[in-house]
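Participant: The chain contents come next:
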Amino acid sequence: MKEIAAFIAEYAGCLLGSGVHTSRVIRNSKRIGESFGVTVQMTAFHKSIVLTVHDTQGADVYTEVVDIPVLPISFEYNSELSSLSWEAYDKRLPLAILWEKYNQIKAKPKMPSSLILLLTGLANASFCRLFNGDWISVGIVFLATLTGFFIRQQMQRRGINHFIVFTVSAFFASMCASATLLFDSTAEIAIATSVLYLIPGVPLINGVIDIIEGHTLTGCSRLIQAFLLIICIAVGLSFPMLLFKNSLL
Amino acid sequence: MILRDILVDGSLAAVAGIGFGAISYPPRRAFKYIAILAAVGHVTRFCMMNYLHLDIATASFFASLAIGILAMWFGKLSYCPVTVLYIPALLPMIPGMYAYRTIFDLVMFMQHLHESTFAEHYMQEMFSNAIVTVSTVFLLAVGATILIFIFPKRAYSMTRRKE
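The listed protein sequences correspond, in order, to chains A and B.
Here the first sequence is numbered in this note's numbering, starting from 1 and rising by one per residue.
Here the second sequence is numbered in this note's numbering, starting from 1 and rising by one per residue.
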């Protein structure tokens, strides 16, 4: 029983840490519990989970409280670990194999960060075009995003506070994008789109999903976190605005 | 001409969807579905705004509804949870210009605090831009999520692999 609880605690912590909405985590964990013939009850908060495992007669009860680790958002964990919970349920996998598969999923190599950098740059550049920016703006936004995102990656690797990372990276991206002011081009659109890669879309949408599904507390804390990050972006963005406000009018 | 506009809009949105998705490490098999969803969503909104003259919030709602419906089908094909597919696809529809104008108006409001006509103008602008931004983002999130509530059973068993 203790081992089952330990696995589910680790599993649920990893899922919540990598940006999965609450009801899915709870459903997946209960499903794994069911595959061992035990009932799992859990409460999720923003930074910790409380979970109780008991057998069907209720004679044996085991409780765990775990901290939710801070992980980068990973859709890969979301889908693979959800898959694992169904596999456990359908095939009644023993605990040892479950651990092995779990560690395999966690050890999978991630996409190289240089490729992500390039894709993000292209994404932001095409975003600029979608907002009717001209080609000079598109080029400069591409470079600005590369700079900003590279700074973000480097700072995150060093474990610097999230809010500082967002502010600094928004500042550099929008500063680079202000180079459009030198040309006769759509500077406003360029500056506006240069920071959009920072928008915390996952917590925003997860927050709304959580609130609608009744996990109001976790939903609100996700939204508050997302809003704080957006404020950080706004602060970083307001510096070039103050500097160049006359040319932007 | 219209067709060309639509194709350009769709392919730009697809690139944007893939790039914004890549930040959150999706499984590789999800990329093509994310691209299609992002393109379909943005084209839907583009057509509604330009040819049906709907406002941005309503058009976004219907576009994200379309994304939600398609994601239900694609999720089953790719064994990915629907949120994995539709969150990156929604990101290209975030109303970036309105968000930017909100902040710009806030900065300008602060600069003209003591000149009441300017201050009033910027405050009014700031609020209208903020309202558009917030309601569009909210409707985007709700539109795609509604489908999960209509088909909970289907949405919750996407990752189950039937032998």
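The reader is advised that the hints may include incorrect statements.
To be verified - DSSO-like, lysine-lysine: derived pairs with alpha carbons at most 30 Å apart:
#1 Lys-47(A) <-> Lys-32(B)
#2 Lys-32(B) <-> Lys-2(A)
#3 Lys-153(B) <-> Lys-91(A)
#4 Lys-76(B) <-> Lys-2(A)
Stated by the list, open to error - Now the in silico label distances, taken between C-beta atoms and shown as ranges:
#5 Lys-91(A) <-> Lys-153(B): 14 to 22 Å
#6 Phe-149(B) <-> Thr-52(A): 23 to 31 Å
#7 Tyr-51(B) <-> Trp-135(A): 22 to 30 Å
#8 Leu-228(A) <-> Met-1(B): 18 to 26 Å
#9 Ser-128(B) <-> Thr-216(A): 25 to 33 Å
Derived from the structure by calculation, the hints contain no laboratory data.
No experiment lies behind these values; they were computed from the predicted model shown.
All residues carry an ideal CB built from backbone N, CA and C; glycine is no exception.
Participant: Taking each numbered hint in turn, which are not upheld by the structure, reported in ascending numerical order?
Facilitator: 1, 2, 4 and 8
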